[in-house]
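Asks: When you get a sec, could you build the whole thing from the sequences and use the hints?
Protein chains: 2
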Amino acid sequence: MPVNRQIKLAAKPVGMPKESDFRIEETAMPDPKDGQVLVKTTYLSVDPYMRGRITGVKTYADPVLPGDVMVGGVTGEVVKSNFAGLQTGDAVVGYWGWQNYAAVAGAGLQKLNPQMGPVSTALGILGMPGMTAYFGFLEICLPKAGETVVVSGAAGAVGSAVGQIAKIKGCHVVGIAGGDDKIDYITKELGFDDGFNYKTTTDYYGKLKELCPKGIDCYFDNVGGAITDAVLVLMNTFGRASICGQISQYNLEKPELGPRILGLVLVKQLKVEGFIISRWGARFGEGAQQMAQWLKEGKLKYHEDIIEGFENTPKAFIEMLGGKNLGKMLVKA
Amino acid sequence: MPVNRQIKLAAKPVGMPKESDFRIEETAMPDPKDGQVLVKTTYLSVDPYMRGRITGVKTYADPVLPGDVMVGGVTGEVVKSNFAGLQTGDAVVGYWGWQNYAAVAGAGLQKLNPQMGPVSTALGILGMPGMTAYFGFLEICLPKAGETVVVSGAAGAVGSAVGQIAKIKGCHVVGIAGGDDKIDYITKELGFDDGFNYKTTTDYYGKLKELCPKGIDCYFDNVGGAITDAVLVLMNTFGRASICGQISQYNLEKPELGPRILGLVLVKQLKVEGFIISRWGARFGEGAQQMAQWLKEGKLKYHEDIIEGFENTPKAFIEMLGGKNLGKMLVKA
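For the protein sequence lines, the chains are A and B, in the order given.
Residues 484 to 816 (this note's numbering) make up the first sequence, in order.
Residues 484 to 816 (this note's numbering) make up the second sequence, in order.
Do not rely on the hints blindly, as some may be mistaken.
In silico BS3-like links for lysine-lysine, alpha-carbon gap of 25 Å or less [claimed, not checked]:
1. Lys652(B) to Lys754(A)
2. Lys690(B) to Lys541(A)
3. Lys815(A) to Lys501(A)
4. Lys491(B) to Lys541(B)
5. Lys754(B) to Lys697(B)
6. Lys692(A) to Lys682(A)
7. Lys737(A) to Lys692(B)
8. Lys650(A) to Lys754(A)
9. Lys541(B) to Lys754(A)
10. Lys690(A) to Lys541(B)
11. Lys541(A) to Lys516(B)
12. Lys692(A) to Lys690(B)
13. Lys541(A) to Lys692(B)
14. Lys784(A) to Lys652(A)
15. Lys779(A) to Lys652(A)
16. Lys650(B) to Lys627(B)
17. Lys671(A) to Lys807(A)
18. Lys754(B) to Lys652(A)
19. Lys697(A) to Lys541(B)
20. Lys627(A) to Lys754(B)
21. Lys690(A) to Lys807(A)
22. Lys594(A) to Lys779(A)
23. Lys692(A) to Lys737(B)
24. Lys501(A) to Lys682(A)
25. Lys697(B) to Lys541(A)
26. Lys807(A) to Lys501(A)
27. Lys784(A) to Lys671(A)
28. Lys516(A) to Lys491(A)
29. Lys782(A) to Lys650(A)
30. Lys491(B) to Lys815(B)
31. Lys754(A) to Lys754(B)
32. Lys754(A) to Lys627(B)
33. Lys594(B) to Lys779(B)
Read the hints as simulated data drawn from the structure, not as lab findings.
None of the values given here were measured: they were computed from a predicted structure.
Replies: Here it is as structure tokens:
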């Protein structure tokens, strides 16, 4: 009898997660009920937000507790269908998490259109990270041509798309990332105007001032911490900051203090707004269509770092949190 | 020959300003040129924002430097007019600062309509502080009936108006202020639903949680610091914070660190926005009309703390920064 494999949270991580915080379990192959399909996982997504889901604290969603199957976006192939809207062989994307097979409600899955792009893009540029870039940047930063946009985490799945969208909108775009290779990638491959490696830069403020001589109008933040502190000081009146992630803070064993920012928010009349991408869920079709169009026109590029092997998903997750990836980090099951 | 008196900044204050940071100088009576009027000051406004103007640092406006006449809103009576739009005897409001007389461009003054309210209200409920409450709260917090609104600095000129406007809009309103008399005033006189004295409360978070059982949807912040830290933790998803002032921080000799807030901004999808009231300058007529209407209907009340004597303006300013006032602090020249 074929078995399923599931990756469960073994322990609430302290600081940076370790592989031993997860465990693989063999379980019986699930049997789809009426309205469900049996899916075989093809790609698994690892994303920064997952760190917040395993802290044991309810935030915008219930936490994943030790013993639970790890959450996450996944693509799969339908191998058995008891749902009228899907057939064996269909490629789908959903949220059944880190397991090789799952029996899931067909109504909760999205069937992929092969015309839009390869299956893996449903977890990247045309999926949650791409929509995060599209809506989180455009709806909150409201960029205007000629404005200066700074993106932190600029070589990741979301940041690399934000910078390119900002270029499409006619902005001057500066990216911040953790590696010279990443800066080369965003400037030479993706068309960012400039960027710097925060790991080899000591004076973020001075460097940003040099690269943003007209100040900063829009900030798309994936990292928080000292980088964000420096960006906010250089923002222009009526600047907009879209708070997408705070990855520099996720693995701290206790929260760090920082300079108070509300005095700057006041005198510069800044708007600082956070978001969770589900907010624009009803508009994903619109976003994916536009992104697919830009891909076809060559205005938008993406990179996927793909690790082979379902069992390597925790490792991929940990490497992504450590910033080892360029673009979207995925696991091929 | 009659003389004028001007109050100038004598020294950049360190920490809480002292009276010796200001000096009075006698100068020649100014002579209005063509297009100007000679005004005799009747009331002088002292406001928290002035602390930021005397730090020597350019923020949204040029700083007042030692030797400069202190800035500020004032009302006056026209005693000589070389401007077609104003006549001797007209009551006006303007920004000629801390001086008994000034020759100012008539076009930069606003003629007061005695039907709207007493002259002093042009510096308070119908002037800059009232407009700050009206636009800064309504335009940024976008309050909806039934929502919970928290106001810090709730017994001051701005905060006391914000809370009443929130009540008019059907909200549950909790005020934070520094004195039992102030809490009595806002709850018993002004109709706030509840409030607490932060000077005798140690656990702001616990107290707020008790008074805001449904969480906080809108926050109007005049103070910053530890009070604001506690409020943000209790905000609901899609909460809005209007950052009007940070008076707890203005007199610190060096900036204090605080908990980083962007993680909360992210998971709660908060919008945090700062403003300077000049932003809505073109709409003051609309705001003043609505506020005057509410005054007539008895839906809006105000209190003025008036100190007599032009020479006491620095003292009034310092007392206001120390929170000694209830409602609007004014000097009668």
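Asks: Take the hints in turn and mark each one as holding or not.
Replies: Against the structure, the hints:
Among the hinted pairs, Lys652(B) with Lys754(A) is consistent with the structure: their alpha-carbon atoms are about 24 Å apart, no more than 25 Å. Restraint check for Lys690(B) and Lys541(A): the C-alpha separation of about 22 Å stays at or below 25 Å, so the hint holds. Simply put, Lys815(A) and Lys501(A) have alpha-carbon atoms about 20 Å apart, close enough for the 25 Å limit, and the pair holds. With a C-alpha separation of about 18 Å, the suggested pair Lys491(B) and Lys541(B) falls inside the 25 Å cut-off, and the hint holds.
For the suggested pair Lys754(B) and Lys697(B), the alpha carbons sit about 19 Å apart, so the restraint of at most 25 Å is met. A C-alpha spacing of about 17 Å is found between Lys692(A) and Lys682(A), which places the hinted pair at or below 25 Å, so the restraint holds. Annotation: proposed proximity of Lys737(A) to Lys692(B) holds, straight-line Cα distance about 23 Å (limit 25 Å). Pair hint Lys650(A) plus Lys754(A) holds up; C-alpha atoms about 22 Å apart against a cutoff of 25 Å.
Straight-line distance between C-alpha atoms of Lys541(B) and Lys754(A) comes to about 20 Å, which keeps the hinted pair within the 25 Å bound. Only pairs whose Cα atoms come within 25 Å are accepted, and Lys690(A) paired with Lys541(B) is accepted, the gap being roughly 22 Å. Proposed proximity of Lys541(A) and Lys516(B) is contradicted: the alpha carbons are some 67 Å apart, above 25 Å. Distance check on the hinted pair: Lys692(A) and Lys690(B) sit about 43 Å apart at the alpha-carbon level, beyond 25 Å; violated.
With a C-alpha separation of about 17 Å, the suggested pair Lys541(A) and Lys692(B) falls inside the 25 Å cut-off, and the hint holds. With a CA separation close to 15 Å, the supplied pair Lys784(A) and Lys652(A) stays within the 25 Å bound. At most 25 Å may separate the alpha-carbon atoms for a hinted pair to count; Lys779(A) and Lys652(A) meet this at roughly 17 Å. A distance of roughly 11 Å separates the Cα atoms of Lys650(B) and Lys627(B); the hinted pair therefore holds under the 25 Å criterion.
Only pairs whose Cα atoms come within 25 Å are accepted, and Lys671(A) paired with Lys807(A) is accepted, the gap being roughly 19 Å. Pair hint Lys754(B) plus Lys652(A) holds up; C-alpha atoms about 24 Å apart against a cutoff of 25 Å. Taking the CA atoms of Lys697(A) and Lys541(B), the gap is near 17 Å; set against the 25 Å cutoff, the hint holds. Of the pairs offered as hints, the one joining Lys627(A) and Lys754(B) holds, with about 20 Å between alpha carbons and a cut-off of 25 Å not exceeded.
For a cut-off of 25 Å, the pair hint linking Lys690(A) to Lys807(A) stands: about 23 Å separates their Cα positions. About 21 Å separates the Cα atoms of Lys594(A) and Lys779(A), which keeps this hinted pair within 25 Å; it holds. With a CA separation close to 23 Å, the supplied pair Lys692(A) and Lys737(B) stays within the 25 Å bound. Note on Lys501(A) and Lys682(A): the hinted pairing holds, with a Cα-Cα distance of about 23 Å set against a maximum of 25 Å.
For the suggested pair Lys697(B) and Lys541(A), the alpha carbons sit about 17 Å apart, so the restraint of at most 25 Å is met. Distance restraint check for Lys807(A) and Lys501(A): the Cα-Cα separation of roughly 15 Å lies within the 25 Å cut-off, and the hinted pair is therefore satisfied. Simply put, Lys784(A) and Lys671(A) have alpha-carbon atoms about 12 Å apart, close enough for the 25 Å limit, and the pair holds. Annotation: proposed proximity of Lys516(A) to Lys491(A) holds, straight-line Cα distance about 23 Å (limit 25 Å).
For the given pair, Lys782(A) sits about 9 Å from Lys650(A) by alpha-carbon distance, which is consistent with the 25 Å threshold. With a C-alpha separation of about 18 Å, the suggested pair Lys491(B) and Lys815(B) falls inside the 25 Å cut-off, and the hint holds. The hinted pair formed by Lys754(A) and Lys754(B) meets the criterion: a straight-line CA distance of about 7 Å does not exceed 25 Å. Proximity of Lys754(A) to Lys627(B) is assessed by CA-CA distance (about 20 Å); at most 25 Å being required, the pair is judged to hold.
A distance of roughly 21 Å separates the Cα atoms of Lys594(B) and Lys779(B); the hinted pair therefore holds under the 25 Å criterion.
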